[in-house]
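J.: Kindly produce the complete structure, drawing on both the sequences and the hints.
UniProt numbering applies: residue 1 is where the sequence shown begins, and numbers increase by one.
Accuracy of the hints is not assured; some may be wrong.
The list that follows gives simulated cross-link-like pairs (lysine-lysine, BS3-like), each with its CA atoms no further than 30 angstroms apart [to be verified]: (1) 11 <-> 149; (2) 29 <-> 58; (3) 149 <-> 316; (4) 259 <-> 204; (5) 58 <-> 144; (6) 280 <-> 149; (7) 98 <-> 23; (8) 171 <-> 139; (9) 149 <-> 139; (10) 37 <-> 11; (11) 144 <-> 68; (12) 11 <-> 58.
By construction, these hints were calculated from the structure, which means they are not laboratory data. Note that the structure is predicted; figures quoted are calculated from it, not measured.
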Amino acid sequence: MTSPIEDNNWKWRWDSSRNWIGKVNCHTKPEVIHHIKERLSSNRLAEFERSCVGHFLKFHDNAYNSGKLLLALFGREVEVDNSREKERYYRIGGRNHKFGKEEFCAITGLRFGSSDFDPDTNESLPPANGVYRRYFDGKIVLGKDLLSKFVQQQFEEDDVFQGFKEDETLKVAFILVVFFLILSPDSRMLVPLWLWTLVEDTTKFERFPWGSYAFQRLHHYLENQIKPPAGGGKVQFYSCGYVMALQIWACELFPEILKDSGMLRMGDYLPRGARWTCGKVPFNRANELDNVEIPYTPMVITAEKRNASYMADIGKDLSSNVQYIHRDPWVSNCQPLSMKKLSAKTRGQVLKTMRPSKKAHSASNPDISEEDELIPPAKRRAHVVPERPHPAAFERAPGSSTGVDEAKIEDVVLQNIDEAFARMFLLGSIVPYGLESIPGCNFNDLRLLARGIQASSL
1 MTSPIEDNNW KWRWDSSRNW IGKVNCHTKP EVIHHIKERL SSNRLAEFER SCVGHFLKFH
61 DNAYNSGKLL LALFGREVEV DNSREKERYY RIGGRNHKFG KEEFCAITGL RFGSSDFDPD
121 TNESLPPANG VYRRYFDGKI VLGKDLLSKF VQQQFEEDDV FQGFKEDETL KVAFILVVFF
181 LILSPDSRML VPLWLWTLVE DTTKFERFPW GSYAFQRLHH YLENQIKPPA GGGKVQFYSC
241 GYVMALQIWA CELFPEILKD SGMLRMGDYL PRGARWTCGK VPFNRANELD NVEIPYTPMV
301 ITAEKRNASY MADIGKDLSS NVQYIHRDPW VSNCQPLSMK KLSAKTRGQV LKTMRPSKKA
361 HSASNPDISE EDELIPPAKR RAHVVPERPH PAAFERAPGS STGVDEAKIE DVVLQNIDEA
421 FARMFLLGSI VPYGLESIPG CNFNDLRLLA RGIQASSL
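T.: In structure tokens:
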């Protein structure tokens, strides 16, 4: 049972007003469930329903995140002594209430446990006959674009829009649920390459601990992205992760105070996320959350632990297996790029951006131009100092008639490219044309792109 913590050893996390004013931008898109129901055939929909994410079909596809409720919770977060891993506590009605992995699992129905597939260390590319390689190989795939193509029932193959196979539609539906519900990044982010790989292996996809991974991801954003308003002013948060789980948790505990805000319980369904519909109605009773007389209903999850399969491994430590490793937005979602797939104009722009600057060097910073010194670092173009011919270019390779050791030249070129990109990123400069507005390219993929450019120009 989830009950309030009666512990005198606690303190407010934030030394500020409890009632924050501002806006919370959440990226979860429950409407993706509606599109899946509309687009999948009856047979494929039945397969989807039997999968590890099939229970999301029971969730309401018109649910809204309540920014005012979330702000009220954020402002009332407390730190409790002897709390367990990644537990969060919120003080409501004079009591400290826990939101941890048990509550998250009971609401989302996503399993915890172990897996031999690790997104952070995966180096396997999607199979050649898979959805990604067939329709998007080497191309940028944004979440919003994938959803649009799914709704239109179209993919691009050989530059011609045409329909796709029924089993491929199911795989794309899996990716959309993971992307827009479980991970909930900005829809303009790239669909991660590891997800394209995992969806092609049904067994690994089903056994992957989506609950553990999603809970750690949400915890990261609640821990690191939520800050109090400066000087008591307004705030604006961009929260990724399935933050809807925190909202439904509040609905479970305090249904009476939230019913006037469009948050209505529709039944006793499991998992608990399927019980609630959250209308687009402002929450205007934040002050009442401090009332010690506020009625609450503890979350009793004993029966779920005994009967629900998704609760089977909830007792395992989060640190014992797959970890959510957060990276800079440039790295958190990655996608390989292929110069062959870029137009001649784009390739030219990329090469132009990567060419060394001819501007005078700054006196205070030799790595940037004098003109760029006046530009904020976030918008500054990196000045890459031209490299002199390396001595390796003049060495004769054993048995070579050209007098050039091509292997050494390649090593030197790759090293110089790596160093140049490292300088670009350390300076906070823009990335090559066509990528600067996509916060999902990782450093290694940009380096691979640069290598492809270099190879195509030799």
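J.: All hints are to be evaluated individually against the structure, with a verdict given for each.
T.: Verification of the supplied hints:
1. 11 <-> 149: Since the Cα atoms of residue 11 and residue 149 sit roughly 49 angstroms apart, the hinted pair is violated (cutoff 30 angstroms).
2. 29 <-> 58: Holds. Residue 29 to residue 58 sits at ~15 angstroms (cutoff 30 angstroms).
3. 149 <-> 316: 39 angstroms, violated
4. 259 <-> 204: Distance ~40 angstroms between residue 259 and residue 204 Cα, so the pair is violated.
5. 58 <-> 144: 23 angstroms, holds
6. 280 <-> 149: 27 angstroms, holds
7. 98 <-> 23: 24 angstroms, holds
8. 171 <-> 139: Measuring from Cα to Cα gives roughly 18 angstroms; hence the hint holds.
9. 149 <-> 139: Distance ~14 angstroms between residue 149 and residue 139 Cα, so the pair holds.
10. 37 <-> 11: 46 angstroms, violated
11. 144 <-> 68: Holds - the C-alpha atoms of residue 68 and residue 144 are around 26 angstroms apart, at most 30 angstroms.
12. 11 <-> 58: Violated, at about 38 angstroms.
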